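Trainee: Each chain is listed here by its residues.
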Amino acid sequence: MTKQILIIDSDNEHAGALKTYIEHQLYDVTIATTFEEVRIQVDNNTWDIILANPFISDDIASYLLALKNGCPLVQILILAPKDKLDTAMDFFESNVIHYLEIPINSKALDLALVAARENISLNMKMASYTKSIADLHHAQDFLNQLFEAVPCYISVQDKNLRVTAANKKLKQHFGSQIGGFCYEIYKHRTSPCTECPVVETFRDGKSHSTEEVVTSKFGKQYNVLTQTAPLRNEKGEITQVIEMSTNITQIRQLQNHLISLGLMLGSMSHGVKGMLTALDGGIYQLETGLSHKDDERVSKAFGQITQMADKIKKMVLEILYYAKARELQYDEMDVAVLIQNAADTVRPMAEKYAVTFDVSISENLGKIEVDSKWMEAALVNFLENAVDACVFDRDKTDHCVQFAVGKRSEESIFLTISDNGVGMDTETKNKMFTLFFTSKGSQGTGLGLFIAHRVIRYHGGTVEVESEQGKGSKFSICLPFRKPDSAKNVEFPRTIR
Amino acid sequence: MKKKILVIDDDLNVRDYLVSLFKDNGYDVSIAGDVKEGLTVAKKNIPDLITLDIEMPGEWGPRFYRQLAQDPELKNIPVIVISGLSGHQYAVVKAVASLSKPFDREELLKIVNDTLN
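In the order they appear, the protein sequences are chains A and B.
Each residue of the first sequence is one higher than the one before, starting from 112 at the first, in the numbering used here.
Each residue of the second sequence is one higher than the one before, starting from 16 at the first, in the numbering used here.
Calculated from the structure, these hints are not laboratory results.
For clarity, every value in this text was computed on a predicted model and none was experimentally measured.
Mixed in with the good hints, there may be bad ones.
[Claimed, not checked] For each label pair, taking beta carbons as the anchor points, the in silico distance ranges come out as:
hint : chain 1 : residue 1 : chain 2 : residue 2 : range
1    : B       : LYS90     : A       : LEU428    : 21 to 29 angstroms
2    : B       : GLU52     : A       : GLU398    : 26 to 34 angstroms
3    : A       : LYS507    : B       : LYS58     : 51 to 59 angstroms
4    : A       : GLN361    : B       : VAL111    : 46 to 54 angstroms
5    : A       : ILE370    : B       : SER115    : 23 to 31 angstroms
6    : B       : ASP43     : A       : GLU398    : 19 to 27 angstroms
7    : B       : SER115    : A       : VAL261    : 49 to 57 angstroms
8    : B       : LYS90     : A       : ASP405    : 49 to 57 angstroms
9    : B       : LYS90     : A       : ASP455    : 19 to 27 angstroms
10   : A       : GLU579    : B       : LYS58     : 54 to 62 angstroms
11   : A       : ILE370    : B       : ARG120    : 44 to 52 angstroms
12   : B       : LYS58     : A       : LYS463    : 26 to 34 angstroms
13   : B       : LYS109    : A       : ASP455    : 31 to 39 angstroms
14   : B       : VAL111    : A       : THR305    : 50 to 58 angstroms
[Claimed, not checked] In silico EDC-like links for lysine to aspartate or glutamate, alpha-carbon gap of 20 angstroms or less:
hint : chain 1 : residue 1 : chain 2 : residue 2
15   : A       : LYS542    : B       : ASP39
16   : B       : LYS38     : A       : GLU575
17   : B       : LYS59     : A       : ASP269
18   : A       : LYS346    : A       : ASP269
19   : A       : LYS518    : A       : GLU462
20   : A       : LYS384    : B       : GLU52
21   : B       : LYS19     : B       : ASP39
[As the list claims (entries may be wrong)] Partial selection, computed: residues in chain B whose CB lies under 8 angstroms from chain A:
hint : residue
22   : ASP31
23   : TYR32
24   : ASP39
25   : TYR42
26   : GLY48
27   : GLY99
Even for Gly, the Cβ is constructed at its ideal location relative to N, Cα and C.
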């Protein structure tokens, strides 16, 4: 592109000769002979080079210096008579690129113009580089923001599985130890995992994904879906691997809950079928009893129907308790009242099956902080389980359930529920508090003891079981008088893990 | 002489129901609450037909059937499976019928009558 040159000189003849000479070198040249003309030209045009005699007016030198400060790209060449060159140099110093003596030597002028053009070219390159660097900084900031803001755990790892970079979320949850090994940070291991997607990506250059269980610096476990991608240098060699892990813990919990619900439906449907058959039986007995005017049969039928209605109610309540989370509602209540309520609920069942039911409560047990609804339901479950164990036992004729309650210490009470029923083998004993495990065939849902055990645990209590097959079982429950600190915000039941 | 039916079911109420139903329809009925007791009762007083639950505490129904099939005196006794368990129809392949709980009373009586007469 043609360079624009402004010649500032009050000597029209000299300026004209300069213009003619310079135009031969394909510059666009304009002449300004007064300060006023200079201002007009500078205000209205952009100049690449200015050849100026600063002595044509008093203000021109200061004006040129101000112009240079405002437009650093403009190249100024000073023209001056020999006796004024020193004065010009003292004033402009290095703010101009060249000083030419009047009369001007054409070769010196050519060289000065070449130097000016090179300067212009360098300045343009510099401006371009500066802009590129600014753009680069901007892009880097943007990528950095993305890296930090992505709601995943991101790390960059070298061949030794050392983390060379990590995003904010990873540092928050797993610590900020850049330079640590991936397996240490994520899994608290001392050696690499047997199957590592990062190692695989280093090996074949492809993206790999796995599902892992990782442990945060706070000891919390997360299910994460991990994906990797190679990072290559200019030669195409893989120097590092980026690993991105998405937290899918909630999805897995939901999945587990759905599996549990599926199991519950299966268990429930089996139990319901048994109850409906028994209910059918009650209705049959009632119909035939009424038609034959058999009062004994009618009475038995009513008993059976009532029992089935109670069983169905209990089952539905258990399912509702399981399905719906709510916070434990602690109240202070008399231990004796709590125990008596549970015992009174179970006594008719024990009497029906001719099981002796002994209740022994120590005096002055005082008050206890419990969710009375849940705790009563739990104790009733343990007691009914003991009666059932006696009913299932066909080897002995006399059966007994003993329920004893006393103070264990200033902080807790003990409750023991003993029976001389069928007892349990080791496998049953080990699984008895597992969700949907039942040893009662079609008559159990596998929910009762699971819920009862959880109720005791969430109240800060413990349950120990001794049992011998054919001889009976003993459940020893320890329950604190005061609710545990951890119970303050507990929702029950929690998601099954 | 009345035909004899052995009812094997762990649920007392279901046992009572079947006992009343069969007695009302002219059969002699004996009962057992589990597999072990079922074999004892069957050997003591050989029945003409057995109704068998599948899922019971201790051993389950198909094991009873295997032991029954190995006993020369008992192996020809017809068995009707009555169970609430999914897939009960596959549990005892040689059963004369397999009914799902809650069963249809008339259907059960028809199968029993057809089998015994």
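Trainee: Regarding the pair LYS346/A and ASP269/A, is the alpha-carbon distance no greater than 20 angstroms?
Mentor: holds, 17 angstroms
Trainee: Does the beta carbon distance between GLU579/A and LYS58/B stay inside 54 to 62 angstroms, or does it fall outside?
Mentor: violated, 29 angstroms
Trainee: Hey, does the TYR42/B contact hint survive, CB to chain A under 8 angstroms?
Mentor: violated, 15 angstroms
Trainee: Taking 20 angstroms as the top limit, are the C-alpha atoms of LYS38/B and GLU575/A close enough?
Mentor: Cα-Cα ~46 angstroms, so violated.
Trainee: Is the gap between the beta carbons of GLU52/B and GLU398/A within 26 to 34 angstroms?
Mentor: holds, 30 angstroms
Trainee: Does the CB of TYR32/B sit less than 8 angstroms away from some CB of chain A?
Mentor: holds, 2 angstroms
Trainee: With a cut-off of 8 angstroms on the beta carbons, see whether GLY99/B makes it to chain A.
Mentor: Since chain A brings a Cβ to about 3 angstroms from GLY99/B, closer than 8 angstroms, the hint holds.
Trainee: Do the beta carbons of ASP43/B and GLU398/A sit within 19 to 27 angstroms of each other?
Mentor: 22 angstroms Cβ-Cβ, so the 19 to 27 angstroms window holds.
Trainee: For the hint 50 to 58 angstroms, verify it against the beta carbon of VAL111/B and that of THR305/A.
Mentor: At 55 angstroms between Cβs, range holds.
Trainee: How does the Cβ-Cβ distance of SER115/B and VAL261/A compare with 49 to 57 angstroms: does it lie in that range?
Mentor: Taking Cβ atoms as reference, SER115/B and VAL261/A lie about 54 angstroms apart, which means the hint holds.
Trainee: Keeping to a limit of 20 angstroms between CA atoms, is the pair of LYS518/A and GLU462/A held or broken?
Mentor: violated, 28 angstroms
Trainee: Given a hint of 46 to 54 angstroms, does the C-beta separation of GLN361/A and VAL111/B actually sit inside it?
Mentor: holds, 52 angstroms
When the structure is compared with the earlier hints, violations turn up for hints 1, 3, 8, 9, 10, 11, 13, 15, 16, 17, 19, 20, 25 and for no others.
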